[in-house]
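Q: Two chains, two frames, some hints: make the complex.
Chains as they are written, first to last, in the numbering used here: chain A, 1 to 97; chain B, 98 to 357.
Hints are not guaranteed to be accurate.
[To be verified] Partial pick of chain B residues on the chain A-facing surface, computed with a CB cut under 7 angstroms:
hint, residue
1, 230
2, 231
3, 232
4, 283
5, 285
6, 315
7, 317
8, 333
If you're looking for bench data, these hints aren't it; they were derived computationally from the structure.
Since the model is a prediction, treat every value here as computed from it, not as a measurement.
All residues carry an ideal CB built from backbone N, CA and C; glycine is no exception.
One letter stands for each residue in the lines below.
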Amino acid sequence: MALTKETVVDKIEALEKGQVQVRTATRVLEDGVELSSSYHRHVIAPQVRTGYEKDVSAGTWAATDVTGEDARVAAICTASWTAEVIAAYKAQVIAND
Amino acid sequence: MSTIKSSAENLTLNADGSGNDVLIQSNGSTKAIITAESKVGIGTTTPARTLHVSDTTSGATTGIRLTGANNGSQVIEFADTDDTNVGYIQYDHGTNRISIRAGDANKLNIDGDGLKFGTDTAAANALDDYEEGTFTPTITGADGGSATHSSQIGRYTKIGAVVNVNMSVGGAKNNISGQMQVSGLPFAANHYHRGFSYEHYLPGGTALVDTQAIIYNNETRIRLWGNTSANNDGTARGLTVSDVNSTASLHFQLTYTTNS
Chain A
1 MALTKETVVD KIEALEKGQV QVRTATRVLE DGVELSSSYH RHVIAPQVRT GYEKDVSAGT
61 WAATDVTGED ARVAAICTAS WTAEVIAAYK AQVIAND
Chain B
98 MSTIKSSAEN LTLNADGSGN DVLIQSNGST KAIITAESKV GIGTTTPART LHVSDTTSGA
158 TTGIRLTGAN NGSQVIEFAD TDDTNVGYIQ YDHGTNRISI RAGDANKLNI DGDGLKFGTD
218 TAAANALDDY EEGTFTPTIT GADGGSATHS SQIGRYTKIG AVVNVNMSVG GAKNNISGQM
278 QVSGLPFAAN HYHRGFSYEH YLPGGTALVD TQAIIYNNET RIRLWGNTSA NNDGTARGLT
338 VSDVNSTASL HFQLTYTTNS
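With the rest of the complex left out, here is chain B (with noise of 0.2 angstroms):
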């Protein structure tokens, strides 16, 4: 092993003359280069930024390890001639929080409950999940019962604890008995929500002036309520399979929220 060593004085490596790079050869390639720009390229010779970590192999991961205390934190700072930490990005063990700052305040956490948002650490507030799907709807009847379906179309979008529901059902009645409703929902609901109004088209039924629908709690059903203007007084009536000429087609756009 050969060294290059200075005990009693500074060492200078020293590439003299304007345009010179400082090179660090191994097994007959340059493994890093210290520009005279002052660039620094680890496995690359043209570094494009102040420092440039490059490993072009195929498949092969890039990175720069921050090594510390099992209770200790590692930051990259962004820095300007104002404030040294105007942004981060720091990593923190004791609690095992990412923590994004900009504009000079933290901005965001991410941590075992999901993504927060400024100083909050609430776990509630935590938003965990985002997952786009499909389902299928059915036309049910609280009393037993399935329609004949000819079209059934469910989108859901789940943002956190909120679903966003997008569905269309059509078809007939069948032996539908009792109250109508429509199951199938992607996920069952935390608590009774109520107030959604429905698009309905029952061609030769009952003629309705107002809709209303309810999901249930613990349920992924959806109850169906339809006042005709003879007791459009907010009374609940429900929509039965009597309402139903031969066929049905209902349209729903609606948010509810979830435990899963």
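Only chain A is shown next, with the shape it has when bound in the complex (with noise of 0.2 angstroms):
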């Protein structure tokens, strides 16, 4: 009888305005068998607001590290944010404020 425990991104959504919202089971198995999973989630937006500013053109933007994230998320983040994405997404941003 052996007790595995494994962390696995099992869920990947690109949504319209650049979000990618990521999903990430635990799951504890006996012998390959699941006994629990457990989810935790996050997302990642394409650009992080440095300062406040409501020209969508101004340096007050920067991109998103995707560092650290899974291999399979980093790719659909680059893949995922092309300029029209990224513009689109401050503009939202800057309406909602």
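A: Laid out in structure tokens, this is it:
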């Protein structure tokens, strides 16, 4: 009887405005059979605001650092975050404020 | 091959006598039985119900297969002496929908959209998700910066499009700049959600008599407002880092919706 624990990214969702929603599953297994599992979620926005500025083009934004993210998550972020998507995200945040 | 055949009249298998069963055997063991009590057993010689199908092989899948046309349906009906289908479980291959009937009325449907109640067929009304989990809330500033956190507890339950969140987050204000916000919700909201109140503890900071929060459309952050008695007329007053002496503890119980 061997108990093991594994943590895997089991769901990745790319949203219209560029956020990438990530679900991480932590599973406890006995001889490969799952005994329990739990989820943890985080959402990665394409940009981080570093200052308040109504102008989308102003230099008060920084690209989100995906270092440390799961390789598949990082790849999807990179593919999703086109210039158009980033602009749409910034516009959404500014409109919200 | 040996055959028992009757072409001109009914064929009777008769285990005559009280308590005698009809057995069907193969390869030296009984595979099916019709008992004297009118119970049919397949894979068991002691059927507990009128029809009892059994395969206790470790890991085996025991089942009953109903096969029909790809535009037909299969049904298991629950009848009584008053009603032939007061309840049923039905699969319709035309709509690819399984329906559950109880009390002589359709109560539940499951199709590609999710779970629907009664006679509702609208995709928008389908319940398609349930999930529980955790997330990590962070105190941030609208103009940048993040707190040095001492506690970050976030739990969510998602039922369909509705996300229920319970979270507590606290720490030193560190380099927060501008209006305070809490980031890190587990799902992006699908529109503005206003009118939330929150519990706060700002030792040595501004005394607030009214707290309000907004979840922004298409975002995962909550913007915080906090009114003092001097301006408690409903006018929004942003909770800023200047309201915090050194530390803040914030507690939320809120519900919002998402498209995820």
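Q: Which hint numbers doesn't this structure obey?
A: 8
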